[in-house]
Amino acid sequence: MDGRRWNELRRFQCRINTHPNSADGSSFVEQGNSKVVCIVEGPMEPPSRSQLSATEATLNISLNVTPFSSIDRKRRNKNERRIQEIITSLKRTFEQSIITDKYPRTTISITCHVLTLDGGLISAVTNSITLALIDAGIAMYDYISSVSAGFYDNTPLLDLNQLEENDLSYLTIGIVGKSEKLALLILENKIPLDKLEGVLAIAVAGGHRIRDMMDKEVRRHGELRLSKLANK
Amino acid sequence: MASPVVGKKRLSEGLTVTSKVFVRSRNGNASKIVREHYLRNDIPCLSRACQRCGELVAPDANGQLPKFILSPEPLQLKEVGRHYVVVDTNIILQAIDLLENNQIFFDVIVPQTVLDEVRNKSFPIYNRIRTLCQDNEKRFIVFHNEFCEETYVKRLDSESINDRNDRAIRQLCTWYQEHLQSSGINIVLVTNDRLNKESAVKNNITTKNLHEYVELHPNCSELRDLIPTEEFKQREKVEHFFENHYTTSRILGGLKNGTLYQGSVNISSYNFLEGEIKVASLPKPLLLIGSANLNRAFNGDQVVVELLPKSQWKKPSTMIIDDEKLNTNEDPNNEDTQISDRERRLLTQDAIDTQNDSSEVQPTGRVVGIVKRSWRLYVGQIVQNSVSKNTSNSAKSCFVKLMDRTLPRVRIRTRRANELLGQKIVVAIDSWPTTSNHPEGHFVKCLGESESVEAETEALLLEHDVEYRPFSKSVLDCLPPEGHDWVVPKDLEDAEVLRKDPLLPKRKDFRDKLVCSIDPPGCVDIDDALHAQQLPNGNWEVGVHIADVTHFVKPGTPLDAEGASRATSVYLVDKRIDMLPMLLGTDLCSLKPYVERFSFSCIWELDDDANIVNVEFNKSIIKSREAFSYEQAQLRIDDKSQQDDLTKGMRALLRLSKKLKQKRLDAGALNLASPEVKVHMDSETSDPGEVEIKKLFETNSLVEEFMLLANISVARKIYSEYPQTAMLRRHNSPPATNFEKLNDMLRVRKNMAISIESSKALADSLDRCVDPNDEYFNTLLRIMSTRAMTAAEYFSSGSYGYPEFRHYGLAVDIYTHFTSPIRRYCDVVAHRQLAGAIGYEPLDLGHRDKSKMETICKNLNKRHRNAQFAGRASIEYYVGQVMKNNESVETGYVIRVFSNGVVVLVPKFGVESLIKLDDLTSHVESVNFEEDKYQLTFTTQDGKHQRTVAVFDQVKVEVKSILDQSVGKRKAQLVLL
Amino acid sequence: MAKGIETSANEKAFIIDALTQGVRTDGRKLDEYRDVKISLGSQYGSVDVTMGETRVLCRISSEIVAPYEDRPFEGLFTVSTEISPMASPMFEQGRQSDDELLITRTVEKAVRRSNALDLESLCIIAGAKCWSIRADVHLLNYDGGFIDASCIAVMTALQHYKKQDITVSGEQVLVHDFSERSPVGLSILHVPICVTFAFFNPHGVEQNIKGDAKEIYVVDPNMQEELLKHGILTVTINKNREVCQVSKAGGLPMDALTLMECSHKAFTIAEKLTNDIKKLIEEDDLQRKGSQWKMLSASNDR
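Protein chains in written order, with our numbering: chain G, 1 to 232; chain V, 1001 to 1977; chain U, 2001 to 2302.
Because the hints were derived from the structure by calculation, they are not lab data. Since this is a predicted model, take the numbers as computed values, not measurements. Relax, there's no trap hidden among the hints.
Chain V side only, calculated, beta carbon under 8 Å to chain G, not exhaustive:
id : residue
1  : V1034
2  : E1036
3  : Y1038
Ideal placement from N, C-alpha and C gives every residue a C-beta, glycine not left out.
Can you build the whole structure from these sequences, using the hints too?
Shown next as structure tokens:
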């Protein structure tokens, strides 16, 4: 443990509209030492016809884990199965949260860059996508906030760093707004069934806290925009 | 490591510090490790005297609040007043025993910095201090100073890690001092580090070194002894524990010009740091003392050694050194252990002891190369305190203590360390690099719960390299297709039968002879049967019929290969590991009563004094009339009312056997003894019931004598036919050195002597050594003589000259094993050679090739020895189980005396065990070990009496069975009464 | 994803309507698992699993290779899944769709990452030689529940498989033929079983997010249900009450409590299946040894 209590999050910082000129929506999320930049473009006309859907918007996600993000500089294959799986999961998640039928015949393309990685890959990426989508003004039902939680020696732990992730069993959840609805749930190691509930509970609580922090940043940015507009 | 770069960021709830450390990774590249480190201001001081911290506490995941443990009214001492103690790393490492003492050290604050350091240095001590912190009696707490905003210190440029940590500890003291100012409680830093102490004084922290602190206590005189005397010296990290072995060319050169010697290492079973190596060119074995000289050699390895200068020659040690005692605090993750100092100290002491009288020094040597490792799979158990308790998924290092006590612990990496605790596991050894104190291996499989019959049985079979796996399919294909329905053909003339077995007409038909077998009760693999009948000329025709295994086991088949590699059946208390498949062993070959069987018969014509008039060997067909147990046979012979021919034959056999025995004894055959016992199994629960010493009947020796006679006759026959490759068995006369010590003991203690000039002389002198007051003494002496003997061995006649064929124990000039082909492979070979000798069928080339025969013999000898050890180990295990249920007081005999313990043999259970000096007395200073008198004098536990224990003394001991936690092996513990 | 198979709107409505009333089109209850038929092949480690119309074949093979550099003490284990158009027209040749990827990954995670196979015992000589175990899973016919069936198939096959016995002498490894030495089984630490749940949302997305309406879930969906589902959840659990893997890749958001409910259901199913598999393996073992067994055993009671 790095000095946090069992139910404390790591330092969470986020900013939206970080790249106002290059994209429709952008965000930067920092969870402990994990840093993710996310850029959203769209809704726009799809590059090829085949991807077009008459009723809904199509989602394209790409995830780039930079080679310099972790301790050993391993060049990751973009098509690595693990990355592909995360992308698919994310796609499924956001398809359900974006009100896609508002944007028929369009494509929304999301690009994430992981600058540094210190655990919580999926959760940091999920959070950054949520923020970037909001920044892009795309209609969503609610925030999707994500956090990981692990289990150590009878104690559930929230928001693991890389060291803890390597050693412990953990799960990552994506939570819808303030509810207890899970949009995303990924667990990859063994956790005793009876402990699962406790771990889930702190994860949900942590997710809510992250939602609040994201909400604060969105509102802060909104006010900033508003005041700029008013000044004009 | 480069200096860390630290960045701080302020957050709403606390501070974050990011530390960046450069670490050299495995392949030499520098990699950067960035860790986050959260600082907070809500860490409670856990003192009940504090009013402020009560509001800070937060519940943990189970909803429990941390308990405030430090007493509001701590111990008051002069100079320092009411105080809490802060300890530093070295104090914990050195004086953990003192910290655990319940007269001193209450209300101790262990800084987190210190705890981390302790964990890195020694994991077992870390575990001990953790337990201490959970124990409310002593009021130990851990303060997480690294995470507390006020006590965190940043490492400065040009500051070493150790200095920073010391500073962190001082910072903590200052903080506590201020924090608790209102309650008037002082903080005392206990450290032995002079620099740290000086700096602390500068910062107005009350500081004492351990000595000073103890002196403050009113009862300090008692405690003073507990202070570790040795100043802890921070040793330079040792890069290499062992010296490199020489290069191959240097070894070869050395061997050629005679400066280096090659041999196989034999580690003492009482002292795992001492090995012996027999070198052909030296009269006495070379001693290898200490782990540095053993230089990573394992028991049984083929090594190359170099002589050490004469100044370093020593006597074999009189100490008992146990691995368990020595390395309890070692940490598998960390090479840098201070405990090997202890090893060194033991050795120096030993060296001083032995250096003084140089009369009996033995040359010592040093291993410089290992030619062939004896590594195999080893059975052992994970050492409990080398495993961390947490439930993480990553692989952890831990130690495995092997069952074989002569071997060092093995370090393995496994993810399942916690699950495997208390289980018998199999490990393989991979390497022993010079940089490591321990060999490295890997986990192979788990046998099961320690002490369970299955796991223990499998463990001991593996440990003795006994092949216990089922026979393979290809072996099965070699068995007669008829299976259990196979019978001796009814009509020996039938063409169909003859086509199948063209050799059939060469068999003699002995179905009319009144043959019977006599074996232990419940025996199913009947190797031998006998008959006797008077001839018209008044002489006796005596026949020994041996199961004709070679009829079924043809050379060159997989079945033969399997038998050759297994070499012998292994008899455990509850199990038998067969050399040949059941179908043969217990049915087709077994000379069962009432059915016809093929046999290989040896028929003598003996005169009335049991002199051989004529001998003849034949493949034959017999029909056993009855299968007796020794007891039944005895009853039948003794029963006067039985007057049938079979019984008469048996009586004749008995009479002849007695004459044979007498002749043998006259020739000087030895009657030795071994503390053999038999374990009775409760037939219903199959729990071991009781232990008894094996009972012998006259019929036992009846069978034995004729078997010996058969073996000798066969040996002569095959030797005359195959002078270069006959399969024989010899027993060397024991080297005089083996008996030196025993004889010396006898002379000193009992004023007796045994002569070993010839077996006859030995036999006679053994008979003379009788202690009128102690009837067991003679048996004891025989047991000890047996141990001084060399083991008999198989050989092919080309390997030695005829005079060396002698079997010392049996006092015959030539001998072989012929009579138990079902359970010994030697006999199978002897059968084939005999069949060749009588022209029954041509001998297989493999048994006519000298080098092939030598390979077979080598394997036979090894397997034979292993089988004996396995059998003994099995008995030992069951005896342990029996003793577990009944503790008792028994008579025992001292058979060895060491300077720090005695070895006692308890005949009733056939166990021997070491009684350590520590268990004999607590007055170590009173001990007087007189090596020349083989006695140990000490003051008894109550301090009132002097007591002397010497070799051959009869003592009363309390026998109980204890479970050795570290090895998971139950062993007999004896307590001297 | 459904190429070629389209369910009509009527049918869709009917199925969902039926589900709201607790009836499934194939007559099962909502939480009823299909009957699993497992048949063992004549060779060690080949298993054929049938669940409803779904049919999966698994074959284990082994060879001796060098271990990974960073894990010298462990053997290798790979699971490869082959999904061909043979199983269903919805699978395309050559290209892996997202679904196929998810399926493959889930099976792999369930079996491999949960350490079901004891990799450490596959080590022969540390850093130099180890066993590499490979499980090939082929989907022969598809009617939903591929993950579940594959997982059962792989685990049964692993338990059934026996590799050649070896002898190590120094750096040399001698591999013994089956006829020379009887083969040895693999060391299986636990048996993870996957249970898939499909979620249906009868009331539309918006209401669901607001949390008023409860979603319906069914155990072990067949193909039709899988096509219509709004969300899917796979729970992998073993007999020791350890959850080895949960994956819910997006889809309909669900309640945390529902998850717990599902996990407990999954546990009961897993327990039963594990016992069934064990029994089957034991029976097969006994049958294989047959009458010869007694004759070949080397260690016998005294």
